[in-house]
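K.L.:
Read off the chains here:
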Amino acid sequence: MNVPTHAAASRNADRALSVHGVVVFLFLYVPILLLVVFSFSDASNLSVWGGWSLRWYRKMFTNDPLLRSMRNSVVVALVSTGISTVLGTAAALALERYRRWLGKRTFDALLYLPVIIPDVTMGVMLLMWFTTINWSLSLTTIILSHIAFNISFVAIVVRARLANLDPSLEEAAADLYADRWQAFRRVTLPLIMPGIVGGALLALTLSLDDVVITSLVQGPGSTTLPVFVFGLIKRQVTPEINAVSTVMLLASMVLVFGSLAFQREPRAGANPEAP
Amino acid sequence: MGMLALAVALVAAACSSGNSGSDLESVAQGCQVDQVDGDLSLYNWSEYIDPDLVQEFRDTYGVDVVETFYESNEAMLAQIEAGGATYDLVVPSDYMVDIMRQEGLLVKLNKDAIPNMANLDPKFTGLPFDPDGEYSAPYQWGTTGIGFSYDVVDDAADLTWGLIFDPEMSAPLTGRISLLDDEREVFAAALKYLGYSVNTTDQAQLDEATALLKAAKDRVATFTSDSFEDLLVSGEVDLAHGWNGDFFAAFDEADAWEDYGYGIPKEGGVAWVDNMAIPTTAEAVCTAHTFINFILDAENGAQLSEWNYYASPNAKANELIDPEILSDPAVYPTPETFEKLEFLADLGDFATNYADAFTEVKS
Amino acid sequence: MTTTDERPTRVADPEFERKAERAEALRGFLQALPSYAYLVFFFAIPLVIVFVFSFASRSRTGRPVLSDWNLDSYAKLFQPIVAEIVARSLWLALLNTVLCLAIGYPFAYWLATRRSARYRAVLLVLVLIPFWSNFLVRTYAWRVLLGENGFVTEIGRALGLWDKLLFTQPAVFIGLLYGYLPFMVLPLYAALERMDWSLVEAARDLYASGWVAFRKVTLPLSKPGVIAGSILVFIPSLGAYVTPDILGGAKTTLLGNYIVRQFTAARNWPFGAALSFVVLVVMLIATIIYFRTDARTI
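Residue numbers (my numbering), protein chains in the order written: chain A, 65 to 339; chain B, 5 to 367; chain C, 855 to 1152.
It is worth saying that the hints were derived from the structure and are not from the lab. By construction, the Cβ of each residue, glycine as well, lies at the ideal position given by its N, Cα and C atoms. Treat the hints with caution; some may be incorrect.
As the list claims (entries may be wrong) - Straight-line distance between alpha carbons at most 30 Å, and here's what the computed DSS-like set of lysine-lysine pairs gives:
1) A:168 with C:873
2) B:218 with A:123
3) A:298 with B:218
To be verified - Stretch by stretch, here's where chain A covers chain C in the computed footprint (C-beta under 8 Å, at least three residues):
4) 1007–1017
5) 1027–1038
Here chain A stands alone, though its shape is the one from the complex:
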């Protein structure tokens, strides 16, 4: 066995991967940089630079309907992500960890449907359904609809994680901890955490971007930001929407990195690190 060449080859491969990683991050952030810069433009046009100014921020912070739609969006995104993450994870566990149960095949198929169905069709059918059962349209009906599509996305990502895990680990845990819940919390949950986090992030993203379904199931006063912005561009596109996006980006960065900073780094012994 030729250890040095082996290590060198792997070092080269890692370097190539790092370069690729940096390029992908550039790809992801170049439009974002442009978007942020234009939010400070004095022009009212999205593609013509007009010199530095804070006018769109001033306009945004005095625009009550816009601020209200931002608030609605945040509420819808957080609540629907929270609920769909719990439901979707449970669904993934049920499908991957239990061999046979009543209605498993049907459920497996049903779970894919919200991913497949066209947005507009889902919006129309939910609108008809809510009125059939006499529920008035409101922020709640938006949240319920977002959960309906997010469960599937979370479940698919968590299943990708579960499929790889060695069930013997959980069995060992079951022997170790008398309590099933303890075994789940101490062993299974940390193991599938990357899947749950990935699924939740995806759900949050989808919820923050949905226009078509939301515009059909919204109620009085519950317009969300993307619906408002879609309407806005029917009038005129101004960098005000860039200012809104910049604030959303900043807020989510503060929130996420704040919570990461408070989270303890797991003990090295408990976690076999990647090579």
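Using the hints provided, position chains B and C relative to the given structure of chain A.
P.N.:
Frame of chain A; chains B and C shown alone:
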């Protein structure tokens, strides 16, 4: 079989909800001028009303205004049709008033409670989508024409749809043209060029327009209804088919009146009106009447037009509007141009022929 | 996907085994129950409405009329133009999936192999942050970048490799890749992160070549991620239309806007419903087959 019957019953129930229009009409008939009967739930396009006006209405009448926004006439229609939410006032475009009126989704207005109806320019009453003017009051109006760069067109008076449809005239503009991504508007342009009505239900005329559009497609850079003014001002295209208010705001803001212009081609174009109407989902019917009356007030109408650069159908308001806006033919077309404009009407069953033809153009 | 099938039986007593099996079946059912019930109530039952609409007829003004039941909407599916639209959308979705996989796999692998857990978490969040701005604003930013005086255009001109890409096919694929990359990266990351690397180490020792070790061990281990990622990219991009319209010029109809147009401008709900229903059934069958075959080859 039983399942299917159940399903049908379920869907039938879904389709028959909503208040009955006649109950609301009797409420409407009892409304007095300036009467309010609860908070107003306003369902409107994003950024279509000056927030100061909304605040003034709140302060004057002591009621709240809950604003909800839609991004297309169709999403609004679907919600009103389903009837699952309380909206007291909507702002549908012309053809949508036609559809909603025919489907019984609008409440007949009590004009005694809206004395400011008298302020309206007679040109905007009794339009084909609401012939007796019973269901709607015009909010703002505008035209569909061509925004252009002076590099390619010297004078708005020279504008012709031939710049898009005549192979020879439009050859130098290949890849520099944007068209509205809206089947009725695009066909209206082609039909006007051919000398037909924009509301034609003659399949042969529609076929002719389809062939014309298919041939022109190679010269078109993009179909868009959302950012044509942006594409023009940023130099991506030289000729843009679009709505006047959008162009006006973009030119004014970029201070580019010397570089760009807007006009209606000599063959004519489309005029559109957005209207206030009370849907059958309303609860505060009298507040809605009061709000319509409030918007039709001369000063408020002028304030609205100065805020968003769309023309006012309110003759009394026009007397108060900034003369600079009023004299701009891009916002207020001359009487001769106005003669050549047509309103889009709902075409009933024939609408699907337009949809199919547009799909064929885009194949 | 049935990893539990190989679980060794520890007790031979058949009576005990049956009981244990029943208890396990009950637990599985109960865990699925909340989401099961949710999806039945907020998805499966409302879906019946779509199904019924597809047999309805259209009123003069476009309201779906629940009488005169007919198969006209299904007959309309056989128009040649529908096949053309479907083929175009399939091609777009397929190519986008391949692109996302080609770019996303090494990227997810890189993310998943960073040493510190906190660093990995930060990187993962950094992938998603751009997507918490606004979809339209991002797409418009791309339009500027790809436009006449855009950054990408200028680079291309400086290198002499490409000119303005806006309103061309490459612009559509750049936009789609941008929009759907996270859908590929997240499940891949979930599958790759802290998987049993001792296996890879063992393989390295065994095969001595990193590439062979990757092909024989890492790749099969990440297969669930590849499958989930391709599904999450392929299916939504089959219905994508806003990005292709804004960046590609909207000169061709895609499945997504064809369906949307039936429910909006064309006001032909029965046809929109029939179209959606057929898409749903065909894609569901395709998805299930895709999962089953791949599960067997793992």
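K.L.:
Hint by hint, note whether the structure agrees.
P.N.:
Structure-based check of each hint:
1. A:168 with C:873: 19 Å, holds
2. B:218 with A:123: Between residue 218 (chain B) and residue 123 (chain A) the Cα gap is close to 43 Å, so the pair fails against 30 Å, i.e. violated.
3. A:298 with B:218: Holds, at about 26 Å.
4. 1007–1017: The restraint on the segment 1007–1017 of chain C is violated, since only 0 of its residues have a Cβ under 8 Å from chain A and three are required.
5. 1027–1038: Check passed, 4 qualifying residues.
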